Each structure stands twice: as structure tokens, then as C-alpha cells.
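Given only the sequences and the hints, what does the whole structure look like? Please build it.
Line by line, the protein sequences are chains A and B. Quick note: my numbering has the first sequence finishing at residue 751, numbered continuously throughout. Quick note: my numbering has the second sequence finishing at residue 451, numbered continuously throughout.
Do not rely on the hints blindly, as some may be mistaken.
The calculated label-pair distances, taken between Cβ atoms and stated as ranges, are [claimed, not checked]:
id : chain 1 : residue 1 : chain 2 : residue 2 : range
1  : B       : R392      : A       : V668      : 50 to 56 angstroms
2  : A       : P626      : B       : A324      : 30 to 36 angstroms
3  : B       : D303      : A       : P706      : 27 to 33 angstroms
4  : A       : A739      : B       : D303      : 40 to 46 angstroms
5  : A       : V668      : B       : D179      : 42 to 48 angstroms
6  : A       : D643      : B       : E288      : 30 to 36 angstroms
7  : B       : D187      : A       : E704      : 38 to 44 angstroms
8  : B       : T122      : A       : P706      : 24 to 30 angstroms
9  : B       : G206      : A       : G642      : 29 to 35 angstroms
10 : A       : K714      : B       : A300      : 24 to 30 angstroms
11 : A       : K744      : B       : A324      : 30 to 36 angstroms
12 : B       : R420      : A       : V668      : 44 to 50 angstroms
13 : B       : G201      : A       : V668      : 23 to 29 angstroms
With a straight-line cut-off of 25 angstroms between C-alpha atoms, the simulated BS3-like cross-links for lysine-lysine are [said to hold, decoys possible]:
id : chain 1 : residue 1 : chain 2 : residue 2
14 : A       : K667      : B       : K451
15 : B       : K451      : A       : K671
16 : B       : K451      : B       : K416
To be clear, the hints were calculated from the coordinates, so they are not data collected in a lab. Remember, it's a predicted structure, so these values are computed and weren't measured experimentally. For each residue, glycine too, the CB sits at the ideal point set by N, CA and C.
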Amino acid sequence: MASVPAELKYTKEHEWAKREGDRIRIGITAYAQEQLGDVVFVELPKVGAKVTAHQAFGVVESVKAVSDLFAPVSGEVVETNAELPQKPETVNKDPYGKGWMIVVKPSSAGEWDHLLSAEQYEKFVAEAAH
Amino acid sequence: MASRYIANTPAEQREMLTTVGAASIEDLLVKIPAKARLSRPLALPSALAESDLVRHMRALAARNADADRFVCFMGAGSYDHFVPSPIDHLISRGEFFTAYTPYQPEASQGTLRTIYEYQTMIAELTGMDVANASIYDGASSLAEAALMAHAVTERDEVVLARGVNPLYRRVVATYCDGPGIRLRDVPAPEGVLDLDAAGRLVTGKTAALVVQSPNFYGALEDVAAAAELAHAAGALLVVVSDPVNLGVLEAPGRLGADIVVGEGQGLGVPMSFGGPNLGVFAARAELVRRIPGRLVGATVDRDGARGFVLTLQTREQHIRRAKATSNICTNVALCALMATIYLSTLGKQGLRRVGELSAAKAHYAAERLTAIPGVSLRFAQPFFKEFVLRLPKPPTSVVARLARRRILPGVPLKTYDRALADSLLVAVTEQRTREEIDAYAGALAEVLK
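As C-alpha cells, then:
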């Protein structure tokens with residue numbers, strides 16, 4: 622089983638979310654990058670773009686598949702990982718660290734509470750595998 | 003009546019009707035209101051024997067004015083450049099002879115190779131990093147470029163120079179209607195882009211500035227100045243260019259174009275009364291993920307041998323569905339092959355010669371024609387192989403009278419722009435001889451007397 626850090630929150634679309642003060646850092650989980658295989662392209666929104674919870678904010682493409690990236694929470698993009706377009710493989714190497722995708726300033730506080738805990742996400746992945 | 007060529011016998015018709023539970027074909031049509039239906043058989047002549055039919059079709063075809071029997075000075079987007087004979091011989095080979103894009107692509111290495119070579123040649127000619135496998139025609143290439151600029155910049159306005167082919171502008175308007183892209187026209191009162199007006203229209207909302215050079219009136223635009231203007235506002239510069247001219251003219255990519263599109267018909271594709279044509283599409287490498295249509299790439303197989311594949315297909319409809327970069331998932335493979343053979347046959351020197359001859363003959367023709375009293379150049383601009391004449395008599399009647407002498411003197415501009423009701427667009431390719439140009443000038447002088 623791929624790692625699922627306890628301090629993060631998760632979505633059923635396999636994104637992770639990390640609270641950093643009043644901002645939320647977002648990426649995809651180790652399980653997601655394993656399923657995708659070698660990531661060859663990441664398309665991210667521009668800084669200043671608005672994202673909406675459960676809606677696509679970008680695209681990740683691997684040698685096997687192309688998938689939308691879904692926003693865990695709504696808000697404004699305040700930072701994007703400038704390294705990913707040149708080094709998309711970072712998503713495979715370090716999904717919870719250098720492979721982060723965007724930082725969002727959330728527009729509503731309540732959405733955070735609806736995200737899955739590490740325990741819930743682990744259970745969700747385990748069930749999906751059967 | 004027995005249907006000789008339609009395998010749909012009365013017995014089969016009965017079987018089909020029984021299957022769907024209808025008593026007769028008439029039963030299938032009851033929903034159509036009686037007044038919308040014809041109550042008698044179509045007034046068609048009786049069937050002809052094959053030899054009679056061929057004679058009949060030949061007689062009909064002879065009523066057309068074609069560039070083999072008429073001396074053609076018509077252009078406006080489709081040009082009478084020479085088509086070397088190797089093209090027909092090679093494209094007729096069974097391995098190549100399909101109008102369509104490959105659907106089991108990697109099984110057709112030869113086809114992919116020709117597309118790869120085509121892309122390479124177009125990229126070199128236009129001065130861009132990457133070209134696609136082709137689109138339907140110049141107009142759809144430009145419309146796709148407008149959609150692409152909208153997607154890349156996330157802006158909702160496209161600014162078009164009036165010198166862009168008016169038919170292309172209409173196709174762009176159709177494509178841009180759905181996504182809600184607003185179009186702004188920059189006037190060209192002197193026959194070229196009004197840079198001051200363009201400067202006011204190109205803003206932070208502009209996705210792209212579109213110029214054509216040589217433009218619809220044949221005039222050369224200041225592409226570098228347009229590029230500077232577009233880039234200063236964070237917009238893309240889209241250049242419409244006829245690749246057959248690029249043996250002589252500077253590649254738009256070296257003048258700052260981000261996307262180069264155009265009609266490639268001049269590269270060995272017959273005019274064929276307006277189609278099929280060849281949509282050229284090329285762009286800078288950074289934009290490759292947003293390019294519409296198919297792309298062929300070179301690679302090596304597991305034994306290290308060179309091979310060709312369709313690449314970056316995740317942009318395309320069959321994978322990305324509604325989120326594809328474009329609705330285009332085909333190319334005009336046969337016309338692209340014609341262009342590839344054309345460019346290989348002529349080579350660098352040959353293509354340059356085509357451009358030099360076309361330009362020299364066009365300037366000779368302009369000189370001869372404007373020597374006729376009452377005839378003048380509509381715009382005082384540098385031109386390449388096409389120019390606009392102002393005539394003292396209605397251009398449409400001049401065209402009709404010269405056509406009787408088997409000369410097609412040009413395209414009257416009234417239908418495209420009312421302000422140019424007195425104007426005729428004249429194109430001269432390398433195929434026109436001095437005798438033909440002199441004969442045109444002589445005939446025009448007589449008609450205008």
C-alpha cells in the first residue's frame with residue numbers, strides 16, 4: 622500500500638490537501654501516481670485563477686492515461702509548482718513533497734471538513750482495490 | 003424499374019419493410035405533410051447508355067472555364083501554380099492513395115513517414131518548431147488558430163486585420179460563435195494593416211492578433227511590427243501565409259509569429275474548382291500541447307530501428323473527448339502528400355524560382371495593365387504576386403467580356419467589400435507567359451475603350 626501521511630486530507634479523486642496557515646497546498650497521492658505510471662505532462666492553472674471544489678483545475682498525463690486534477694476546495698490559486706512542466710517525473714518521485722501542484726487560498730472554510738482523513742482515504746483505496 | 007447499381011431489390015425491400023412492420027415505402031413517409039411532398043415522379047430524363055452518359059458529362063464539363071483552356075489571372079486564395087507530373091504518378095500508387103488520415107497508423111509506416119516529412123518541410127518553410135499533419139484548408143486552419151490562442155491565453159478577443167481573406171474571417175466568426183470569442187476588425191484603408199488602429203484594439207483582453215502577408219489584396223504587411231504590438235499586450239501573433247511564397251519571402255516564424263497557418267494549395271495541389279485544399283498549421287514548440295489535429299513523430303523501436311508514430315494523441319478527441327484541444331481528428335493526407343512531393347521535386351532552388359517568377363511577372367503585368375488609360379493600382383503598397391486594379395468600368399462586366407476571349411482577368415472585389423466595387427484582384431503565377439500578359443493588357447484596353 623502506497624503511503625498516506627496522517628497529517629494530510631484527501632479526496633476520492635486521489636488528491637491530497639495540506640493546510641499551511643490560511644492556505645492549502647494540493648497534489649496527487651502516492652497511490653494516484655502509482656496507478657498513472659510515469660507522468661509525462663502536467664497542466665496547471667495560472668496564479669490568480671479560481672478553482673472550485675470537485676471540479677477540474679488541471680490535467681495530469683502519463684504514458685498510460687490522461688486525467689483531470691480535481692480541486693479539494695474552492696478558492697484562488699496563489700502559487701503553482703513552476704518545476705512540474707519541465708520535470709513532470711517529480712510527481713512520481715515525491716508526490717507529497719516536491720511534486721506538489723498548486724497552493725489555494727480557500728474561499729469557504731467548511732469544505733476542508735468534508736475532505737477524507739488519512740484513515741478514511743486508506744479505507745477508500747483498499748475498498749476500491751477489491 | 004430494376005436498380006442496376008443499387009443492390010436493393012424488390013425482394014429485399016419487402017424483407018426490410020416486413021422487419022420494421024410497414025406495408026409499403028409509402029407508409030414510411032406518412033409523417034411528411036402532403037403539401038411538402040411531390041405528387042408526381044421526378045422529371046428526370048430516361049437512363050443513358052454509358053457512352054452517351056460520358057459524352058453528356060463531357061459536354062457539361064466543357065461549359066466550365068478551367069485554367070487549362072483559359073488563361074487564369076484569378077487568385078484570392080487559390081492559385082494556378084504548376085503541378086509537376088511526378089505528383090499524380092506517385093499519389094496514384096496503391097500504398098498512398100487515400101484521402102484520409104491513417105486509422106491504424108503505426109501499421110502504415112510509409113504513410114506516417116510522408117506526413118513526418120511534410121511536417122518537417124512546413125516547419126522549415128514557416129520558420130516554426132512544429133507543424134501538424136494538416137487540416138482541411140486555410141480557413142479552418144485559421145479558425146483553429148483563433149480557438150488555440152483563446153485556450154492558451156485564456157482571453158476572449160481575437161483581433162483580425164481587414165487584409166485577412168474575408169472568407170477566412172467568416173469561417174473564424176462561425177468557429178468563435180460557440181465559445182463566445184469576440185472578434186475585432188482592424189481597418190486597412192490603405193490596403194495594409196492600420197498599425198495605430200491595431201494598437202488601440204489589441205489590449206489585455208486580446209488572445210491573438212491575426213495578420214495575413216501577403217494579404218488578401220496581395221500587399222506585404224509589416225509582420226515584425228504586428229508581432230511587437232501583439233506581444234507587448236501579451237497576445238499571440240497568428241500569421242496567415244501562403245507557403246509557396248516562402249521560397250522568397252522571410253519565414254513568419256523569424257518575424258515573431260507564434261502560430262503560422264495558411265492555404266497550401268499552391269504546393270502542387272490542383273485548384274479543382276475550390277477543393278480539396280490543404281490547411282497548413284505550424285506553431286512554436288511551447289504551444290505543442292495545444293496544437294489541433296494529428297502529429298506524427300519519429301522514434302526508435304525496441305531494436306533501435308527508426309520508426310514513426312502518431313504522437314501527443316492525448317490532445318485528441320478519441321482520448322480526451324469533450325476536453326480535446328480541437329474537434330479536428332483527421333488530416334488531408336493526400337493533399338499533404340502532394341505538397342511533400344511538390345517540395346521534394348522543386349527543392350530549395352525550384353521553390354525560390356517559383357516565387358521570383360511569380361513576383362516578377364506580377365509586377366510586369368501591373369505595369370502593362372496600369373498603362374491603360376483609366377486603370378490604376380488601388381493601393382500604393384509593395385505587393386508580391388497579386389494586386390488590386392481600379393477599373394473605369396464595372397469589373398464584373400469586364401470579367402464577362404474577357405472570359406469570351408478565354409481570359410480570366412481576376413476576381414471582382416465587390417462581393418467581399420462594397421467599398422471596392424470598382425476593383426479587380428489580379429493574381430499572376432510563374433505559369434503566365436509574357437504573351438499571355440500582353441494579350442490580357444491588349445484585350446482589357448479594347449474592352450475599356
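Evaluation of the provided hints:
The supplied range of 50 to 56 angstroms is met by B:R392 and A:V668, whose beta-carbon atoms lie about 53 angstroms from each other. About 34 angstroms separates the C-beta atoms of A:P626 and B:A324, a value consistent with the hinted range of 30 to 36 angstroms. A hinted range of 27 to 33 angstroms holds for the C-beta pair B:D303 and A:P706, which are about 28 angstroms apart. A hinted range of 40 to 46 angstroms holds for the C-beta pair A:A739 and B:D303, which are about 44 angstroms apart.
Between A:V668 and B:D179 the C-beta distance comes to about 31 angstroms, which lies outside the given range of 42 to 48 angstroms. For the hinted restraint 30 to 36 angstroms between A:D643 and B:E288, the CB-CB distance of approximately 34 angstroms keeps it satisfied. A C-beta distance of roughly 42 angstroms is found between B:D187 and A:E704, which places it inside the suggested range of 38 to 44 angstroms. Between B:T122 and A:P706, the C-beta spacing of about 25 angstroms keeps the proposed range 24 to 30 angstroms intact.
Between B:G206 and A:G642, the C-beta spacing of about 31 angstroms keeps the proposed range 29 to 35 angstroms intact. At about 28 angstroms, the CB distance of A:K714 to B:A300 agrees with the hint of 24 to 30 angstroms. A hinted range of 30 to 36 angstroms for the beta carbons of A:K744 and B:A324 is consistent with their spacing of about 32 angstroms. The hint said 44 to 50 angstroms for the Cβ distance between B:R420 and A:V668, and at roughly 47 angstroms that hint holds.
Range check, B:G201 to A:V668: about 28 angstroms between beta-carbon atoms, so the 23 to 29 angstroms window is met. Between A:K667 and B:K451 the CA atoms are separated by roughly 66 angstroms; this puts the pair beyond 25 angstroms, and the hint is violated. For the hint linking B:K451 to A:K671, the alpha-carbon distance of about 69 angstroms lies beyond 25 angstroms, and the restraint is violated. For the hint pairing B:K451 with B:K416, the CA-to-CA distance comes to about 22 angstroms; that is within 25 angstroms, so the pair holds.
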